[in-house]
Amino acid sequence: MKRDEFDAKQKYVISNCLCTTCPTYVKGDAPTGYCFPLVGTSKSIKWEKDCICEKCPIHKENELTHTFYCTRCSQLCQAYKMEIGAGHE
0 MKRDEFDAKQ KYVISNCLCT TCPTYVKGDA PTGYCFPLVG TSKSIKWEKD
50 CICEKCPIHK ENELTHTFYC TRCSQLCQAY KMEIGAGHE
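Okay, so the sequence shown: first residue is 0 according to numbering that gives the first Met the number 0, each after it adds one.
Keep in mind the hints are simulated off the structure, nothing from the lab. Fair warning: there could be bad hints in the mix.
The list that follows gives simulated cross-link-like pairs (lysine-lysine, DSS-like), each with its CA atoms no further than 27 Å apart [unchecked claim]:
#1 K48 with K1
#2 K1 with K26
#3 K26 with K10
#4 K1 with K45
#5 K42 with K26
#6 K1 with K59
The calculated label-pair distances, taken between Cβ atoms and stated as ranges, are [stated by the list, open to error]:
#7 C76 with L17: 31 to 39 Å
#8 F5 with K59: 31 to 39 Å
#9 A7 with G84: 28 to 36 Å
#10 E82 with L37: 19 to 27 Å
#11 E47 with R2: 16 to 24 Å
Quick caveat: nothing in here was measured; it's all calculated off a predicted structure. All C-beta atoms in this analysis are idealised placements derived from N, C-alpha and C, irrespective of residue type, glycine included.
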């Protein structure tokens, strides 16, 4: 993916995600769209409450399989951790 396509995708994710309506979200935390690889985890969220990732259009459009991206890291990161944790190095 070219840089301009990547930037456009990130902008789309941030503007269409449901992060700010999630019970776990801390008001004022930015940027959102935690499922996107370069956003990273929240610096403000300290406790996981309920997660609405599976209800998010971004989650559905991209066929994501994880949740709590705000505290556990992006889809790519969580998938990698599962591979390493499963001994598939």
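So which of the earlier hints does this model not fit? Checked against the structure, the hints that fail are numbers 1, 2, 4, 7, 8, 11, while the rest are satisfied.
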